[in-house]
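Trainee: Line order of the protein sequences matches chains A and B. The opening residue of the first sequence carries number 1 in this note's numbering; numbering runs sequentially from there. The opening residue of the second sequence carries number 1001 in this note's numbering; numbering runs sequentially from there.
Hints are computed from structural coordinates only; laboratory data are not their basis. Heads up, a few of these hints could be off.
[To be verified] Stretch by stretch, here's where chain B covers chain A in the computed footprint (C-beta under 8 Å, at least three residues):
| hint | stretch |
| --- | --- |
| 1 | 14–20 |
| 2 | 23–31 |
| 3 | 55–61 |
| 4 | 72–78 |
In this text, a Cβ means the ideal position worked out from N, Cα and C, and glycines have one as well.
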Amino acid sequence: MEKMNGKHDDCRNFAPVDAAKGICRKTNTMIFTDTDVCDAMEMMPKCKNCSNFQGVDKDNIGTCVGLKKHGWTYGELIAVTCEGYRQV
Amino acid sequence: MRNGEKIMEILSQKGLSGKMQGSEGMTEREIKKQPKERTKFLRDIYYDTLSTANTEFPYWYTRRWNELDGEIPVIRRAEALKCAFSHLTPTIYPREKLVMQKTNYYRGSFPMPWLSEGFFVAKEDELYQDALNRGSASADELSKFGSGGGNVTQSFGKVVSIAGKFGMRQEEIPVLTKLSREWVGRSVEDLGHKYEQMVPDYPIKENIMKTLICMFDSGYTLPQGREVINYYYPLQYGFDKIIEMAEECKRAVAGNAGGDGLIGMDRLYFYEAVKIVVEGLQNWILNYAKEAQRLAGITEDEQQKREYEEIAECLHWIAHHQPRTFREALQMIYTLHIAVLNEDAISGLSPGRVGQVLYPWFEQDMEAGRITEDEVLELLELYRVKMTCIDCFASTGVVGGVLSGNTFNNLSLGGLTWEGNSAANPLEMLILEAGMTCESTQPTLSILYDEKLPEEFLLKGIECNKTGVGYPAWMNNQIGIQFLLDQYGGEGMDVREARAVAIGGCLETSPCCWKELTLNGRKYQIPGGAGQPTSVGVHFIANPKILELVLTNGKDYRTNIQVYPPHNKKLETYEELWETFQGYYILTCDCLTKTNNIQHDIWRKNNMSIVNSFLKPDCLDKGQHIGNMGYRYNATYNIESCGTINMVNSLAAIKKLVYEEKKYTLEELTEALLNNFGFKNAEETGSYSMKDQIKLENVTKYDDIYNDCVKAPKYGNADPYVDEILKIYEDWFCEMTRTFESLYGKKMYPCQISVSTHGAQGRATLASADGRLAGTTYADGSMSAYPGTDKNGPYALFHSATVWDHAKSQNSQMNMKIHPSAVSGKEGSKKLLDLTRAYMRKGGFHIQYNIVDSKVLKDAQQKPENYRDLMVRVAGFTQYWCEIGRPIQDEVIARTEYEGV
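Go ahead and model the full structure; you've got the sequences and the hints to work with.
Mentor: Laid out in structure tokens, this is it:
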């Protein structure tokens, strides 16, 4: 993933507070989600970063083939608890 | 009467109004305390947090549900819940001690399209239009949110406003739409709608909803809530043991009907479902434990690292076992609380008598020197912050028009032990203290007032009132017990059990029970909920609106809908008018009861509770969930009213002016009402308070009738003329509601609170004969006087309010606004306690106080940015001023302000 294409909620060091902002665990400061990320960014497991995420459409919705039964999923879904997650 | 003048000026010139507000300085609250530094840090985050919804839980729920097509519904639901809980992303914030929340956001919530999906699609979408036609979206149109605080009333940047309150990331909108579409035709709303149309009077019900005579359908909006949760089983046994018990029970009941040919076999599936959801809850807790360990591993700050490790240890333990310490027990009950709230759309899930439930751990930790009172206080403050972060996702009409964004997690204090002694304890004193040091909306507090409670405890409650936070409310314990014995005696409740009473939601008297808890060999009797929700049934009937339609032959002139069949009566006597009102009211209750019964029946078949069910007695004993009447008490469905006092005052005016003095004909009065007595509509003035209404230019035709209507006898002044009308109404209403039957075959009962519906339903109501103008808010509560009309002091108001037997109703509601100077100092505290006692001794059920200077509220309306932390009591709950819609703000400002008690 291109680092600069990300947003802060793509980073594992970001504790989301609401839809607009969160706490950066590196700096312990409140930051807006949609601002430039820094070099310390650590990729958050999300479907869009998983090799089992396929056939993505314009809405970033695709198919998950990583679990027992295939089903649709979306790129922004956080996958830290997903047993089928395989980082790209 | 001069044109273009504001009503307060007009009335003041005629000597009819309360006094005008002066411009002297604002009076500050007498008592103000500060939270611990950690609490302040976390509460400050809350103050700056937006309500945020996401799709994680509904995504995983729907995915698993779809995989299990054909499975037995209770198992399918359990698996879907387990999958959703197991996949929730854990977020732990720096400095937290008490952790977990509904979603990975600080103040998060999510839609449940399996309940209702039509609302979540775009407004121009056919699904939304369909909802509008059904009347189920009508409340949305007339409900308002406050524009401040955490409400996302407008979209911005990549945040989209949903339901006028919640922010959602733009990327998730297509997901929400896709999820919603997957539930079309199979949600509780859609299936309920399919079958409710088979009720012969369904077209009338549709019109009732469109005209806002009724505020909302309860079956798919808030199918659970306004009840008391029960934490007993996990506190006594721990989750591992519950799974063992479920396995044991499965072996005992498999293939065995147990003498019940209808639902005996269901026990096997229920126990299996319990095992499945408990595993899901364990996964959820352990995911947080894992996250705490991860954070401990990457945190350099030693103290923070240690705190993450403590969190991990606490969560690891409570995921499996009975809590060992006060902190673990508090974490356990908080976790259980949000587990139930994630299971269903719920408002008013009350934690009950937490100070008595957690007392065993408090007592033993204190004895062993494991904790100090100061540490307990900090934990209780943190609990307040976490509870305040709870949001409920529902439609605008429900969340805004009914709830004002509040979730009514009401914590009860005081009352009696099962043996009939005072149940107040030192932990409850600390809960009150935390309510003062950490002012926040949740949990709101209620004192179950009983003559046996110690003075020190009662004065602590009064001290808390004087902080101006709007809690604790005062509920009459003995009246509550009488109500319970009458309503639940048929299901086996006796007086000892009735003493376990607690308040569910704002002020709903709820059936509870005692369970024996053992901790380190010591035994305790702890109270907890044992009954079905009371957020169910017919919710909220606009009394003044029905009276309006009596005068208009069943037609609503605001929408031009013929709601009821025309009665075509001349209404020549007051008795005929009253009987016609009763007829329309009964018709309203009849079709709403039947259609809501169908919605709830669909809910219990496809969307039954499993988490809440396994927690509450006696589901685990019976092997039956809520839908199969597994709870000990099931007669909880009610009929709720709103606008009682405006209706009573209007009846008094009509009786006097039309039928007795014959000063005006009914036709003349009706014409004046249809023309709003010559005033602009509240929508045009932009205010929903009487005080701001403006006279139309060159319209003087209705001046005399308006003056007479305003001068007619008013409730709240110990005037027998109008008090008798109230008594006749209450006696009839309390009996009438009991003639209706819930889907569980139990008699229904009256519930008389307004929550925030007096704002939205006031907006839908034309002028009324009491002089209230079109679109303005009704009087709040059911026993509060209409603003400015109670002129003889609080004791006269109490006299009027108690001319009927409050034990015949689940509740009644009296709100008073008192100027801080009236209760200042120790003397003032005693006066306020005396005032409270006086109302309780007269048989009043509930009273609460806003101890605030109205000038502060006015200033806050002008400069909300300066008052992020200002809280007020609305109807039965405390809410942040800036998150309340304008109609309710106006109503609170307009309330009569007592300067002496």
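Trainee: For each hint, tell me whether it holds in the structure or not.
Mentor: Evaluation of the provided hints:
no.: 1; hint: 14–20; in the structure: holds (count 6)
no.: 2; hint: 23–31; in the structure: holds (count 4)
no.: 3; hint: 55–61; in the structure: holds (count 3)
no.: 4; hint: 72–78; in the structure: holds (count 7)
The structure is consistent with each of the numbered hints, conforming to all of them.
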